[in-house]
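Q: Please put together the full structure from these sequences, using the hints given.
The chain contents come next:
Protein chains: 2
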Amino acid sequence: MGDVAWIAVDWGTSHLRAWLMGQSGAVIEARSSAAGMGTLERGGFEPALRALVGDALPVPVLACGMVGSRQGWAEAPYTSVPCAPPGADQAVRVPGDALNVRILPGVKQTKPADVMRGEETQIAGFIATHPGFDGVICLPGTHTKWVHISAGEIVSFRTAMTGEMFALLSSQSVLRHSMADGWDDVAFMEGVNQTLSRPEGLAASLFSLRAEGLLDGLPGEAARARLSGLLIGAELAAMRPYWLGQQVAMIGAETLNGAYVAALTTQGVPCQSAKADDMTLAGLTAAYAQIYGEAA
Amino acid sequence: MGDVAWIAVDWGTSHLRAWLMGQSGAVIEARSSAAGMGTLERGGFEPALRALVGDALPVPVLACGMVGSRQGWAEAPYTSVPCAPPGADQAVRVPGDALNVRILPGVKQTKPADVMRGEETQIAGFIATHPGFDGVICLPGTHTKWVHISAGEIVSFRTAMTGEMFALLSSQSVLRHSMADGWDDVAFMEGVNQTLSRPEGLAASLFSLRAEGLLDGLPGEAARARLSGLLIGAELAAMRPYWLGQQVAMIGAETLNGAYVAALTTQGVPCQSAKADDMTLAGLTAAYAQIYGEAA
Chain F
62 MGDVAWIAVD WGTSHLRAWL MGQSGAVIEA RSSAAGMGTL ERGGFEPALR
112 ALVGDALPVP VLACGMVGSR QGWAEAPYTS VPCAPPGADQ AVRVPGDALN
162 VRILPGVKQT KPADVMRGEE TQIAGFIATH PGFDGVICLP GTHTKWVHIS
212 AGEIVSFRTA MTGEMFALLS SQSVLRHSMA DGWDDVAFME GVNQTLSRPE
262 GLAASLFSLR AEGLLDGLPG EAARARLSGL LIGAELAAMR PYWLGQQVAM
312 IGAETLNGAY VAALTTQGVP CQSAKADDMT LAGLTAAYAQ IYGEAA
Chain H
62 MGDVAWIAVD WGTSHLRAWL MGQSGAVIEA RSSAAGMGTL ERGGFEPALR
112 ALVGDALPVP VLACGMVGSR QGWAEAPYTS VPCAPPGADQ AVRVPGDALN
162 VRILPGVKQT KPADVMRGEE TQIAGFIATH PGFDGVICLP GTHTKWVHIS
212 AGEIVSFRTA MTGEMFALLS SQSVLRHSMA DGWDDVAFME GVNQTLSRPE
262 GLAASLFSLR AEGLLDGLPG EAARARLSGL LIGAELAAMR PYWLGQQVAM
312 IGAETLNGAY VAALTTQGVP CQSAKADDMT LAGLTAAYAQ IYGEAA
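If you're matching them up, the sequences are chains F and H in order.
Under the numbering used here, the residues of the first sequence are numbered 62 to 357, in order.
Under the numbering used here, the residues of the second sequence are numbered 62 to 357, in order.
Just so you know, the hints here were simulated from the structure itself, not pulled from any lab data.
Among the hints, a few may not be true.
As the list claims (entries may be wrong) - Beta-carbon label-pair distances, calculated as ranges:
{"id": "1", "chain 1": "H", "residue 1": "Ala228", "chain 2": "F", "residue 2": "Pro302", "range": "29 to 39 Å"}
{"id": "2", "chain 1": "F", "residue 1": "Ile352", "chain 2": "H", "residue 2": "Ser75", "range": "51 to 61 Å"}
{"id": "3", "chain 1": "F", "residue 1": "Ala241", "chain 2": "H", "residue 2": "Ala228", "range": "15 to 25 Å"}
{"id": "4", "chain 1": "H", "residue 1": "Ala95", "chain 2": "F", "residue 2": "Gly105", "range": "33 to 43 Å"}
{"id": "5", "chain 1": "H", "residue 1": "Thr203", "chain 2": "F", "residue 2": "Gly243", "range": "49 to 59 Å"}
{"id": "6", "chain 1": "F", "residue 1": "Thr100", "chain 2": "H", "residue 2": "Ala241", "range": "20 to 30 Å"}
Built from N, CA and C at the ideal position, the CB exists for glycine as well.
A: As structure tokens, this is what we get:
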């Protein structure tokens with residue numbers, strides 16, 4: 062292991078990821094564990110961090126994500142839109158002298174009420190690596206965020222629970238009996254087009270997946286892809302004011318980015334994609350540089 | 062116990078209900094158990110029935126619900142719309158000589174694909190007790206059915222998974238942190254009006270319940286009632302062709318009927334309500350009378 066200068070940490074509800082960073086800004090090593098915030102009591106954060114990167118401590122640690130929520134290690138109160146993505150000057154230092162851990166705050170919006178924690182750091186990373194970007198950033202995932210960016214600031218944003226809905230419906234509802242692993246691009250786009258053109262029909266369209274499975278032998282992978290399409294189409298219908306006439310940057314996992322890009326492209330929306338992990342690291346690196354100088 | 066002439070059975074995925082019926086058509090005793098179809102292997106049905114009503118056997122048994130599905134005791138193939146609710150002549154006799162058990166079939170629709178099992182018997186009960194009814198029957202529940210009835214026949218129907226969505230979102234999604242038991246009529250109607258007037262906004266409206274809980278202290282019972290309202294409003298938007306300009310009969314649990322009636326009344330839709338259990342028993346009784354004569 063080279064000379065670790067600091068540790069970048071992405072600490073969400075269900076994951077803990079750490080990058081051991083060198084003086085040059087290069088990643089020496091990436092590690093992860095399942096010790097997400099959701100699995101930890103308040104006293105469990107320090108042991109979880111030590112278990113993952115204890116051999117590299119003590120060096121400064123900069124973290125983002127749910128670790129800064131009220132139920133996290135130390136609360137980093139939300140910054141309000143409109144605002145630049147919170148930087149290191151707004152980071153909260155975890156109490157105690159043993160470790161030097163700072164947590165970046167999330168962002169809140171009053172009307173309509175909305176919150177993010179973690180995505181703001183990915184946004185910061187995207188802005189840092191794409192200076193001058195004006196438009197919309199979409200961060201698909203469990204809770205997909207649509208974010209209007211102007212002049213380097215988060216102007217407004219909305220959340221759709223599409224990923225969580227898909228997980229619940231495909232694995233825990235009656236529809237699970239009609240699902241199989243795999244994918245079907247045609248079925249996905251059928252679903253997207255159905256709810257994007259007639260979003261009011263969503264509630265009547267879901268059980269059809271089960272009924273077509275029973276009556277018509279609809280293949281499980283087609284049912285799964287169409288369910289995803291129906292939900293993403295409904296999300297796009299709700300978020301139309303965000304993407305209509307805009308350029309959209311997707312920040313997410315590669316496959317999920319691809320599904321959204323396929324749907325948006327049919328609507329004539331120019332899209333680019335970036336990987337969520339890359340943007341998280343870029344955002345943490347930019348914030349770290351604010352404290353310790355650009356050379357970091 | 063009086064002289065049991067036959068046994069009416071409502072056997073769904075998660076419940077088993079039985080009524081011991083006298084010669085006069087009166088209920089001698091009602092019993093129930095948790096031995097729903099979902100908990101049973103194929104060989105488990107007879108023991109489950111004997112455990113509940115073995116002391117009254119052998120008398121004819123007439124059953125409806127998921128017990129007649131492919132994964133049930135004996136498959137009772139679907140009848141196709143348009144059709145009168147299946148009667149005793151379409152009932153399937155469970156193989157074997159030990160017991161005299163008949164199962165009523167469900168109803169299917171080819172386009173759009175849809176299925177029901179159990180609701181057709183409630184519909185038969187409603188038609189039997191409300192002769193001449195023309196209009197729409199709504200059976201709210203885990204999978205709410207909207208059914209167009211004309212001249213005593215099921216013309217068409219659609220299913221909305223509203224009840225299952227509510228259960229999943231309120232108890233298993235991130236929204237569960239913002240929910241509390243209880244109810245708030247005003248919040249419910251706000252939710253209904255929001256998605257009924259702008260159904261395309263559903264996907265963006267759900268996470269607001271969580272955000273308002275975090276930022277504005279939205280009370281848990283208001284969040285729960287508004288979630289229900291948002292989902293029922295979205296269902297009503299999807300089912301508008303069913304209820305617009307129609308009279309609607311609700312067949313369901315009393316509280317749930319009340320929620321739908323409150324929402325439909327604001328749209329000027331005349332509603333009446335009946336209890337699901339009463340209609341199931343009336344439907345089974347009507348079917349039994351077809352086999353054994355009106356005196357049953």
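Q: If a hint holds in the structure, say so; if it doesn't, say that too.
A: How the hints compare with the structure:
| no. | hint | result |
| --- | --- | --- |
| 1 | H:Ala228 with F:Pro302: 29 to 39 Å | 31 Å, holds |
| 2 | F:Ile352 with H:Ser75: 51 to 61 Å | 56 Å, holds |
| 3 | F:Ala241 with H:Ala228: 15 to 25 Å | 24 Å, holds |
| 4 | H:Ala95 with F:Gly105: 33 to 43 Å | 38 Å, holds |
| 5 | H:Thr203 with F:Gly243: 49 to 59 Å | 27 Å, violated |
| 6 | F:Thr100 with H:Ala241: 20 to 30 Å | 24 Å, holds |
This entry does not satisfy hint 5, going by the numbered hints stated previously; all others are met.
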